[in-house]
Each structure stands twice: as structure tokens, then as C-alpha cells.
Amino acid sequence: MNADSSNAVLNSTRPPMSLTDCTQGVATATFGREGELLLANHAWQLLMQRSGVGPASMSNLLSPHLARAWAGEVINTRIQLTDRQGVGCDYQIAIEGLQDREGQVIALLLNCRVVRDTAKSDGREQLLQARLETVTRELDDLCYSISHDLRAPLRAIDGFSGMLERRAAERLDEEDKRLLGVVRDSGRTVCRLIDKLLLLSRITNQPMAPSTTDMTSLVRDAWLDVGGEFGGAFEVDTLPSVWCDRPLLKQLWLQLLANAIKYRQAGSDAHITIRGRREEGECLYEVCDNGVGFDPRYAAKLFKVFQRLHGPDEFPGDGIGLAIVARIASRHGGRVWAQGERGQGATFGFALPQEALFPAPGEMYSPARSGH
Amino acid sequence: MSNEQIILLVEDSDADAELTAMAFQEARIGNPILRMRNGLAALDYLFAQGAHAGRDVTDIPAVVLLDLNLPLMSGLEVLRAIRGDTRIRHLPVIVLTSSNEDKDRLEAYDHFANSYVQKPVDYDQFVQASRQLGLYWLVLNRPAPRRDV
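From first to last, the protein sequence lines are chains D and E. Using the UniProt record's numbering, you'd call the opening residue of the first sequence number 1 and step up by one each time. Using the UniProt record's numbering, you'd call the opening residue of the second sequence number 1 and step up by one each time.
Check before you lean on any hint, since a few could be wrong.
Pair ranges (Cβ atoms, derived) [as the list claims (entries may be wrong)]: (1) E/R142 <-> D/D195: 34 to 40 Å; (2) D/G181 <-> E/V57: 44 to 50 Å; (3) E/A53 <-> D/V135: 46 to 52 Å; (4) E/P32 <-> D/D149: 25 to 31 Å; (5) E/N100 <-> D/G181: 22 to 28 Å.
Calculated from the model, a selection of chain D residues having no Cβ within reach of chain E, i.e. all distances over 10 Å [as the list claims (entries may be wrong)]: (6) L38; (7) R68; (8) R78; (9) D90; (10) E102; (11) A107; (12) A130; (13) D149; (14) L154; (15) A169; (16) N205; (17) S217; (18) R275; (19) V292; (20) R335; (21) P353.
These are computed hints drawn from the structure, not numbers from a lab. The beta-carbon is built from N, C-alpha and C at its ideal position, and this holds for glycine as well.
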């Protein structure tokens, strides 16, 4: 380790080269042995301007870390800087040595991202955060108790009325049996609704583990689960890959595909086509069918929970599937849409940001994404 | 002998216990069902203690149907106690519960449940499930031989 260089003051003037910004707001800079700035991106220069810290005070703040980084250690630390307006801000900083072929550290790479604005976090935000955690926990408990406790009486309703139906079969007339049937059907409907609502709640709350996902193979995978009963033609274009939580996106595809299958037109050759493209920073995906379509005046209602455009006697359903689609898209920072005409087929689409929005703001940045 | 071996049902809800008994009866499973309302009572029976002191501890049930949400002592604690005792740790334990939460399933298997079955709300499916359970655990499955204590 070179003692001199660990004390070298970091220089923040314009670097000889600059990086294009593909780093999602992470300020990145590389320093040489003498503290000279070799390479930096725009976010780094913005940070230097905003934070108002001179290179000298930056070096002071980081000096013990810099020394260790020159010795080959990977540093992950958090510092607080106050900008020119006196507003404090927390930064997560990762420092890593760049080595030459002999394993000698010849430069340091600094990655720096805003963790949170201290100004926003005094008191009020902490209070809100604590409240949010409580509410989330309560919601979890509620879902858990629904899944256990609400099912038990439903099982009794179905079981005992079923038993009555069997024991009293000879004494009951057709109308009596129909009435009992209504009781049993209603119990099962409530149960199905509970299951769907729990699914919706799980989809809203479960932590995401995003990765670059091959959407073409994911669609085919989902089709294997639901496509069996579909007698028509199914086509998948080559779809753009996207940064997303694979299980959640599979759930989204399952809902869209199941919908396209369910609303096919009786007595015509059904086809479903999956298309995708990149456009203006988004990956767009569409499920197009030649099914019964819908009245476009009500398109906005489709994605709301329990909203249905068809009666249960036409097409059975709960009005939760598309709400699930919308939730999953929105958790990824995306959007959904629907186009259709009555009897003219329908297209359901969603778009996800092409660039990763993860880790979400507020989460810590770690260069290897290993901490999470 | 297997016909005489009891099925131990650990279930706090009277309605569920009755339903399970009806479903097993309808599935033509002849083994007598002994029902315990909570985990402590189940362990007293299995370990031949308390109200069941003097019972032959090696005379184990053919299978235990265990609910998870139990008063006093949870189903998981019962399971842990069973697996912790060499005399009865081979006992087939089927977790029979309303929940299909990943957390519950994982915990049940972490505690070495033999099987995890969600009680169907639909009674006909429940009868169907009981028939399959009976066929597998009382007929097809070969239990561990009696241990010489």
C-alpha cells in the first residue's frame, strides 16, 4: 500500500474522459494514485455541484476508507453531506480498487447514491415509515387469519349442507334440493373470492427479486399452465427481455392468457398472438385475441377489482384477474391498457420500464447486488 | 392389525372434527378415529401420560392428522415433541389445515411432517382427499417396525 496516495486529495475537476449515464443515478468516479479524477459520469459531477463539498473535505470524510480500499478491501459505507442550502443528505458509497495484472491496486472506483434526504426524514418520515410497517404487518396478520379462520366456517357450510343433502335425499323435493344447492354454491363462491383476494394481497406485498428475464420463454412457460384447453392458434413473437420479478410476471401472463382463452368466440377459429417491442425507454407487450371483445367505453373499469363487463352467466369470473395484472405492472413502475370492440377481439397490453428501476429508491446500493 | 390401529385426529374445531369423521366414514376408512381437542391432550395420549397414564406407549396410531392452529400448544410444537422422542418419532404425521400459506407449509416440513394437506372447502373434494389419504397411509405405506424398547 502506498501511504502517500491514501492521503492524496481527491480532485473533482472535469475528468479527461467521462462516462455515459447508464448507471441509474449512481454517481461513479475513478481516481488514480495521486487522487486525480480519471473518469466520472454526469451524476458524479452533479453530486459534486449539489453537495457543495470540496474535493478536500470529501477526501477527509473518506480518508480511512480510501486507505483500506488502496489495500485491496471493498468498502461499503454511508456518509452524510450537507449541500449549499444546508440540506443534509445520506449517501451510500461503495469503494473498490481496480487492479492491474499483478493484482496491484492502481485506481479506485467510487459509486455513490443518495439513500435519503435527511431533511425529509426527521420525525415525520420516520413516523410514517413506522406506521407503514405496522400497517403492513397488520395486513399480513389479517390475510393470514382470513386464510385460516374464514375457511373453516365455509367448510362447515358446504360439508353440513352436503351431508344434509345426502341424508335427506329421499325426503327433499326438487325445490328443496335446489335451495340447498344455492347454499353450497354460495359458500364455494366466497371461498374462491377469498383465494383470489389473498393472491392479490400477496402480489401487492411480497418482496420482489428482479432479474433480467427472457419474456418469450416466460410466456411459453405460462402457456404450458393454462393453454391446454385452448383449441385455436397461439403465436408468440420474439419479445424483448426485461428487468423484472419473474414469478410476478409469470402471474401477470397467466392472468392475461387465461382471459384471452376464456373470452374466445364460440364457433370461430380462435387465435391469440403475443407481441412485444421496445419503444421510448419502455418494453411493451400485448396479448391480442379475436375473442368477444368488450365495450370500449368501459375500458378503464376493466383493471379495477370486482369490476366485470360480462355477467357470470355469460362468462364466469370474479373481476380480480386484470386487477392482478395492473398491480404487478405498477409494482414494476409500468402501466397497462386495453383496446377492444364488442365482437371484434381485444388487446391487453402492459409496458415496463426498459431500464432497471431497482433497487428501489431508499434501498441500499451494493455493487455486487449481493447484500439482498 | 392395521384395521384396529387408530387414527389420531388433533383438531380443536368441533365442526371440522365432525366433518373429518364424516369424510373418512364416507371414504370407507374403517379405522377408529380418536379425536383430541388440543396439542397437550394429544401428547398426553401419545406419551401415555396424564389422563392416559398406563397406556402402552409403543401402541402407536396408524397416522396422526394434525391441525396447525390449536389452542394451548400449536400443531408445530406437537410435531416437534413427536419427532424429539425415539419411541414415537417414526409416527406418520399429516398436517391437515385450512392454510395454504407458504410459511406454514415450510414450517411443517421443517419440523418433519410426512405430508401437508390443505382441507378443501368443498366437501366432495374433502371426501375424495380422505379416500386418497386413507389408501396411501393406511394401505400402501409401510410403517416403521415396532422398536424393541
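Hint by hint, here is what the structure shows:
For E/R142 and D/D195, the Cβ-Cβ distance of about 36 Å falls inside the hinted range of 34 to 40 Å, so the restraint holds. Judged by the Cβ atoms, the range 44 to 50 Å given for D/G181 and E/V57 holds: they are separated by roughly 48 Å. Range check, E/A53 to D/V135: about 49 Å between beta-carbon atoms, so the 46 to 52 Å window is met. The beta-carbon spacing between E/P32 and D/D149, approximately 29 Å, falls within the hinted interval of 25 to 31 Å.
Remark: the range hint 22 to 28 Å for E/N100 to D/G181 is upheld by a beta-carbon distance near 26 Å. Here D/L38 stays apart from chain E, with its beta-carbon at least about 48 Å from theirs, past the 10 Å limit. The Cβ of D/R68 lies farther than 10 Å from every Cβ of chain E, with a closest approach of about 40 Å, so its non-interface assignment holds. With a cut of 10 Å on Cβ distances, D/R78 stays outside the contact zone with chain E, its closest approach being about 32 Å.
Against the 10 Å criterion, D/D90 stays outside the reach of chain E, whose nearest CB is about 33 Å from its own CB. With a closest Cβ-Cβ approach of about 48 Å to chain E, D/E102 is found to remain outside the 10 Å limit, as its non-interface label requires. Against the 10 Å criterion, D/A107 stays outside the reach of chain E, whose nearest CB is about 46 Å from its own CB. With a minimum CB-CB distance of about 24 Å to chain E, D/A130 clears the 10 Å threshold, and the non-interface call stands.
Not every Cβ of chain E is farther than 10 Å from the Cβ of D/D149; the closest lies at roughly 8 Å, contradicting the non-interface assignment. At roughly 5 Å from the closest C-beta of chain E, the C-beta of D/L154 falls inside 10 Å, breaking its exclusion from the interface. Even its closest Cβ contact with chain E, about 14 Å, leaves D/A169 beyond 10 Å, as expected for a residue assigned away from the interface. A cut-off of 10 Å between C-beta atoms confirms that D/N205 is not in contact with chain E; the least separation is 13 Å.
The beta carbon of D/S217 is kept farther than 10 Å from every beta carbon of chain E, the shortest such distance being approximately 24 Å. With a least beta-carbon separation of about 34 Å from chain E, D/R275 lies farther than 10 Å from that chain, consistent with its non-interface assignment. Consistency note on D/V292: stated as away from chain E, and its beta-carbon is indeed over 10 Å from all of that chain's, at 29 Å minimum. For D/R335, the requirement that its beta carbon stay farther than 10 Å from each beta carbon of chain E is met, with the minimum near 29 Å.
Once the 10 Å rule is applied to beta carbons, D/P353 is consistent with being away from chain E; the minimum gap is 28 Å.
Checked against the numbered hints above, the structure violates hints 13 and 14; every other hint is satisfied.
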